[in-house]
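J.: Protein chains in written order, with my numbering: chain A, 945 to 1076; chain B, 945 to 1076.
Think of the hints as simulated: they come from the structure by calculation, not from any bench.
Predicted, not measured: the structure shown is a model, and the values here were computed from it.
Hints are supplied without guarantee of correctness; some may be wrong.
Given that identical chains are not distinguished, each listed pair holds provided it fits within a single copy or across any two copies.
[Stated by the list, open to error] Computed list of lysine-lysine pairs in BS3-like fashion (alpha-carbon distance at most 30 Å, straight line):
| # | residue 1 | residue 2 |
| --- | --- | --- |
| 1 | K1075 | K966 |
| 2 | K998 | K1075 |
| 3 | K1062 | K1075 |
Protein chains: 2
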Amino acid sequence: MNAKAGPSNATDREQGDVFMPKFDSSGLITAIACDSTSNEVLMVAFMNAEALAKTQATGFAHFWSRSRQSLWLKGETSGNKLEIADILVDCDQDALVLKVNPAGPACHTGARSCFYRKLDHNSAQGDVLVKA
Amino acid sequence: MNAKAGPSNATDREQGDVFMPKFDSSGLITAIACDSTSNEVLMVAFMNAEALAKTQATGFAHFWSRSRQSLWLKGETSGNKLEIADILVDCDQDALVLKVNPAGPACHTGARSCFYRKLDHNSAQGDVLVKA
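All chains should be built: construct the whole structure from the sequences, respecting the hints.
T.: Spelled out as C-alpha cells, the structure:
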C-alpha cells in the first residue's frame, strides 16, 4: 500500500506507514510514558503539536499542561527528564506510548510512577486504595 | 490521615486511601489497559462513571465510546474481553491503569496491542512508521 497516495482515509491511518497523529478538538493527543525496560506505565499527559515536535527534536518528553495552558519539558525543574527510546502510535493514531528512560521518579510526589495506588479487592464499598 | 474527614482537597486526592476518580468536563476518565503479565499497553479508551461501575461490578473492562456515544463491554462482539486483575489510579486520580488478562487480541485490527507501530528513528522526516 502506498499510504502517501491518500493518507486521509481510515485504512491508511490504521495500516499505513505515515505518521498522522490525530489531535482532538482541543488540539491534544494522549501520551502514555512507559519505562522502556519494565514497560510499567509511569505517567499520562497530553501533547499538542508543538510538544510532540519538541519531543521528537530533542529526544526528551515535552507535554502540554492543560491546567497551566503552557508547554513543559518534563523534568525541567526537578531534573527528572524522560529520555525517549521509542514513540509508538495506536491503530487510529489518537494516542501515543512513549518508551522512556527516566532520569528519576516520574511523579511529582516522588513516586517512581504516578500509578502508586490500586483499588483494594477486599473493600466492600470498592472505593478503598492501597499501595500498588 | 483520615481521608474521609475531608476528601475534597488535593492532598487527600494524592495521598489518601479513598478512591475519588476525577472525571473531565465530558464526564470521562482515561483508562489504559495493560497486560497483567508483561505490562505492555494494549489499548487506551475512556470510561464514564457507569462504565467504571460496570467494570468494577463484573470484573470485565467496559468503556464509553465517544464516537458511538454509548457504553460498551470490550469484547462483547469479538469475544476478546479484558478480565480485570487490578485497577490502579494516578496521583491526581484523573487516569486509570487496568491490569488485565486479555482473552485475545485487544485491537480491532487483530493485533495483540493497538500500539503495533512505532516511529522510525532513521526517517529523516520523522514521520515514517515501522512495526513496533
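J.: Cα distance capped at 30 Å. Does K1062 pair with K1075 within a copy, between copies, both, or neither?
T.: Close inside one copy (6 Å), not across copies (32 Å); limit 30 Å.
J.: For K1075 vs K966, is the C-alpha pair at or below 30 Å within one copy, between two copies, both, or neither?
T.: between (35 Å within a copy, 19 Å between copies)
J.: How would you label the pair K998, K1075 (within, between, both, or neither) given a Cα cut-off of 30 Å?
T.: between (35 Å within a copy, 23 Å between copies)
Hint compliance for this structure: every hint is met.
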